[in-house]
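J.: Sequence:
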Amino acid sequence: MARERILFLTGHLAHPRLERLLTGLGETEFDWSIADIGVKVAALATGDIIERRLKRPVEADRVMLPGRCRADLDRLSQHFGVAFERGPDELADLPAHLGRKGPPPDLSRHSMRIFSEIVDASALSVEEVVARAAAMRADGADVIDLGCLPDTPFPHMEETIAALKAQGHAVSVDSADREELARAIAAGVDHVLSLTEETLDLAEGSSVMPVLVPARPHDMDSLGRAIETARAMGLRFIADAILDPIHFGFSASLARYHALRAAHSDIEIMMGTGNLTELTDADTSGITAMLLGICSELEIGHLLIVNVSPHTRRTVAEHDLARRMLFAARQDNALPRGYSAGLMTAHDVRPFSASPAEIAEMAADVKDRNYRIQVAEDGVHLYNRDVHVVETDAFEFFPHIDVGEDIGHAFYLGAELQKAEIAFSLGKRYAQDNPLDFGVAAPPREADRTRLEKAGHTLKAKTGKAKDDKDADDKEAASPASDEAADADEGEASCPISARRC
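For the sequence shown, our numbering begins at 1213 and goes up steadily by one.
Where hints are given, some of them may not hold.
[As the list claims (entries may be wrong)] Under the rule of at most 20 angstroms between Cα atoms (straight-line distance), these lysine to aspartate or glutamate pairs were calculated in the EDC-like manner:
1) 1377 with 1402
2) 1579 with 1614
3) 1377 with 1339
4) 1579 with 1248
None of these hints come from the bench; they were simulated from the model. Keep in mind that this is a model prediction, so the values were computed, not measured.
Taking the hints into account, I'd like the entire structure generated from these sequences.
T.: What follows is the structure, encoded as structure tokens:
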């Protein structure tokens, strides 16, 4: 069988590093070659530039572009008759990209249902509840749980349930009041939280699927009797051993979940994670990963989530990603590593895309006055043809920056350097002109990888021309300006990294 041939497109600055990286792979299952398309920064090359400068015929089975290149892959594939694809954003990630076995991880599946509780539902209007439910569903909630407050009337419960059902939501009601539970069941909810051996009669003759809990805290015998009664009644049910907060029975409650699964291998189980996420002053992504790891091992298929405290505002999305990542890892009989970085909110596994020596080599090749910013293990690097400075405090760069009276450029550099300092301090991956990636904690804006960025505010302010908006929207069109943006030779106003720069 013929070996696959991969052609890597690059620019002048990255060419030496790309060649060393590919050579360092040693023996590969494919043959590789590199095409320097005659620009400094290949990530800025448009489809038109590639069509003009890539020599024909292309002697390869596929062509790999830099991950940040905005060219239209389908158009290039049709034009050259060879498959085009994007590689990773950073060269440092290319070996892993090439060595990956099989397709990207499949995170479309999971085996856990998320019950997202609106704790003060009785104090909200129907419209407010429906709006919250829509946001929860967007984050991954499967069931909207209406929390009832003690000694607080809920006269519009039935109307609220009907409105949620009309929007296609599955609905549960969480109450300690027998009358409210009876009203919820009569209104057609899918679940009630929570019934005990003393209130299980409420579900008799209905289609509701109740969540069963001990009649008294920690009384597992009581829960066992409720389970057996529910079986005798022919009810579908979910059992919950109740997770307790740290220092108030947390480890013992984990043991109860183990015992519940050991005693009943065939039942559905719920774990409410709020007693840890809400009652522990720690970032919730790690707590969620740990708890759902326990749920994955014990085949706990239902999760009750609360997000009342401000620091838990992304907890539904965190649970959604964690359940998908853990499902994929379990299917692969693997550790939950390498499936997603979405729960790595504060740190990155590989924070630095280049070493100090590699940055120094790139800086030595720069022949223009445009400032580049990169982060390595020794700090933040700022360089152009005249200067190369490394600092760990963004303010220390001030004496080394010369932009004249260009306030917009100064503002831009200050913002980027502060972002780079944050990345260095936390151990996050930094890429100039791109937002820091905080995973599900701060979802990034959607990026269209077939178009260059619009000109940023600082560039617009600098030109003062209204037509710049239109020009920036059409960066994909073939024009001398497009070539100059990718080349970035000597023009001080050209932008070597992105059209957002000035």
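J.: For every hint, state whether the structure bears it out.
T.: Verification of the supplied hints:
1. For the hint linking residue 1377 to residue 1402, the alpha-carbon distance of about 10 angstroms falls within 20 angstroms, and the restraint holds.
2. A C-alpha spacing of about 16 angstroms is found between residue 1579 and residue 1614, which places the hinted pair at or below 20 angstroms, so the restraint holds.
3. Restraint check: the Cα-Cα separation between residue 1377 and residue 1339 comes to about 13 angstroms, which is no more than 20 angstroms; the hinted pair holds.
4. Straight-line distance between C-alpha atoms of residue 1579 and residue 1248 comes to about 18 angstroms, which keeps the hinted pair within the 20 angstroms bound.
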